[in-house]
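Input sequences plus hints: build the corresponding full structure.
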Amino acid sequence: MALRIRSKREFGSALLYGALGMAGFVIAGDYGFGTAGRMGPGYFPRVISGLLILVALASLLRSLQRDGDPIGPVNWKALLLVTASVCLFGLLLIGAGLPLALTVLLLVSASASEHFAMSTRSLAALVALVAVCTLVFAEGLGVPMPLVGSWLSPLFAS
Amino acid sequence: MDMLSNLWMGLTVASSITNLGYCLLGVFLGTAIGVLPGLGPVATIAMLLPLTFGLPPETALIMLAGIYYGAQYGGSTTAILVNLPGEPSSVVTALDGHQMARQGHAGRALSTAAIGSFIAGTISTLLIALFAPALAVVALQFGPAEYFALMVLGLIASIVMASGSLLQAFGMILTGLLLGMVGTDVNSAVPRFTFDLPMLSDGINFVVLAMGIFGLGEIVANLESEGERTLLTRKVTNLMPTREDWRRIIGPIARGTALGSVLGILPGGGAALASFGSYSLEKRLSKEPECFGKGAIEGVAGPESANNAGAQTSFIPMLTLGLPSNSVMALMIGAMLIQGIQPGPSVMTEQPTLFWGLIASMWIGNLMLLVLNLPLIGLWVRMIAIPYHFLFPTIIALCAIGVFSVNNSVFDVYAMALFGVVGYLFRKLEVEPAPMLLAFILGPMMEEFLRRTLLFSKGDPSVLLTRPLSAGLLSIAAIMLLLVVLPSVRKKREQAFQEG
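Those sequence lines, one after another, are chains Y and G. Per full-length UniProt numbering, the first sequence starts with residue 1, numbered consecutively. Per full-length UniProt numbering, the second sequence starts with residue 1, numbered consecutively.
Hints listed in this document are in silico derivations from the structure and should not be mistaken for laboratory results. Watch out, some of these pointers could steer you wrong.
Okay, the calculated bits of chain Y under chain G, using three or more residues with CB under 8 Å as the criterion [as the list claims (entries may be wrong)]:
id: 1; region: 54-60
id: 2; region: 79-86
Only some residues are given here: those of chain G computed to face chain Y with a beta carbon under 8 Å [what the hints assert, rightly or not]:
id: 3; residue: S188
id: 4; residue: R192
id: 5; residue: F193
id: 6; residue: F392
id: 7; residue: P393
id: 8; residue: S405
One side only, chain Y facing chain G, incomplete, derived with CB under 8 Å [as the list claims (entries may be wrong)]:
id: 9; residue: S49
id: 10; residue: Q65
id: 11; residue: F89
id: 12; residue: L102
id: 13; residue: L105
id: 14; residue: A112
id: 15; residue: S113
id: 16; residue: M145
Heads up, the beta-carbon is just placed ideally off N, CA and C, and yes, glycines get one too.
Set out below in structure tokens:
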């Protein structure tokens, strides 16, 4: 009898829970288990991970039994660009300073949209937004974000 | 009258110039961000949270509560005008509210929502003042066993009330519990699941998790269907309901308030269920149920009152027991912890000005919403009209700055990016992430209380069933779980979620 996955969604979550549960169970194996009366640091994690593996198995069974909708198309472009924009912000914040990091974040994330286009209007919005954020957060609220990053400060040191 | 004198004290605290000012600012900003399509209260609060860090605890909480009501009200404005509900609880408002707007009655729909919310808010604020102290007295007698049982009940309730499959919701709870364990174990000082990263030794920050999953994940999902949004009316006129309207909405408002107040106290996301419940109730009671979905004003008044009442009373378990009943309250607890306040029954006795000031400010906040929002509707309409491709980069920027400012840590920014991917994955698999956030917050407390319970009983788990209070709570949890597994109830539950 050939097994067929009838609900891809259900199968996907079974994989997700299974992976998490197994990883949790294995990693928590290094922590002392203890007894119910004196629980070690590994007790609760292993019980929870074990339950998660059970949920994964039940989910797996269901994915073979019941028909379900397929997983819709993944918007790789948006996922990649949005994630990259946030990571670039993190990379640039200390080195290049807030205004630059923010500009990069805004440009990269905006390009995820199908309406992305360089126009005077969008450039004006970009400049205004960077200015407002810098003023409100770095100056007004005193969040320690450099205006000029450590990579660039030599240029301004003279 | 103890309650009245306490409320009076609260009013004096809340009406100091500073507190009034921040309440107003919170309500204003909350509405401004909340009207933006696709942003629910959780994302709004998480984004604006950093603004409150420098404030004294009272003022910070008052401002946050203001942001919450504002965000909720803003959400229903968007639901009515563009049919884009930002959160589950305004999905129902969109059904009839948007139809009213299409027929040229946007003004009446908006004012009905505002008036209903205000009446519901006023009544449920009184309920909080009445019941919170009583509950806090009971809570003082709670031992670890009772707390553990209560948390189990809360998590079970959130499984029951989550939309979609029960098994998936259970999986999300476990995932949340597991994520909550990341960090140093309090009892043994053993770092767990930290992968030797010192940044993880204090655990995952809940703001990072919430913004990644509810903020970024949502944005990527929204970018899949960048259709044109049609904003119906640029000018909203006729803001006052007619006398006939008043006659029609007063019943739904009263029933919605009652239903919402009860459901809000229950752990597990009361507001959304309250508005779904109120909608089907009004439809059933109506003489012309066929009008529902075609612009029935009752279908706006009832659910809007219910969800506001539910939003208010969900503060009761948070303030008295330190337990969040939904993701917004989980965020509020996080905010309190950042301010150095441990939520729980002692807050009321040890910091009465904070407790009563917050309660009084809830009412003031609702009043401000009523007074502010209708005249400012033109501004909100213009906010909604901002195209999404301008909005979402701004939202991402605010999330990134916000997350950084919590711990001044770049690591948190990367972690948010990662959770954004996870959040998108959850949406693709159609699992609801709200129970996970709840479990994430409750997890560490739950483990601690379970450990203590079993330490006192020398490892014998039967104490959970021999102490009357904890046995009672656990049996309620068991009954709830049994009920939803029953096929007939299960069908009803699915129906309730499909009305939307």
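Hints, one by one, checked against the model:
For the region 54-60 of chain Y, the stated coverage by chain G holds: 4 residues have a C-beta nearer than 8 Å to a C-beta of that chain, and at least 3 were required. Counting residues of the region 79-86 of chain Y whose C-beta sits closer than 8 Å to any C-beta of chain G gives 5, which meets the bar of three, so the coverage hint holds. A distance limit of 8 Å between C-beta atoms decides the matter here; for G/S188 the minimum to chain Y is near 5 Å, and the interface restraint holds. The closest approach between the C-beta of G/R192 and any C-beta of chain Y is roughly 6 Å, which is under the 8 Å cut-off, so the hint is satisfied.
The criterion of a C-beta within 8 Å of any C-beta in chain Y is met by G/F193, whose closest approach is roughly 6 Å, and the hint holds. Annotation: G/F392 was flagged as interfacial toward chain Y, and the flag holds, the nearest CB pair being 7 Å apart, inside 8 Å. Checking G/P393 against chain Y: minimum C-beta separation of about 4 Å stays under 8 Å; hint holds. Evaluation of the G/S405 hint against chain Y yields a held restraint, the C-beta minimum of about 4 Å falling below 8 Å.
Checking Y/S49 against chain G: minimum C-beta separation of about 7 Å stays under 8 Å; hint holds. Of the supplied interface hints, the one on Y/Q65 is violated, with its beta-carbon coming no nearer than about 12 Å to a beta-carbon of chain G, more than 8 Å. A hinted interface residue such as Y/F89 counts as satisfied when its beta carbon comes closer than 8 Å to some beta carbon of chain G; here the least separation is about 5 Å, so the hint holds. Using the Cβ-Cβ criterion of 8 Å, the hint placing Y/L102 at the interface with chain G is satisfied: the shortest such distance is roughly 6 Å.
The interface hint given for Y/L105 is met, as the beta carbon of that residue sits about 6 Å from the closest beta carbon of chain G, less than 8 Å. Contact between Y/A112 and chain G, as hinted, is supported at the beta carbon level, the nearest pair being about 6 Å apart and thus within 8 Å. A hinted interface residue such as Y/S113 counts as satisfied when its beta carbon comes closer than 8 Å to some beta carbon of chain G; here the least separation is about 4 Å, so the hint holds. Because the smallest distance between the Cβ of Y/M145 and any Cβ of chain G comes to about 7 Å, under 8 Å, the interface hint for this residue holds.
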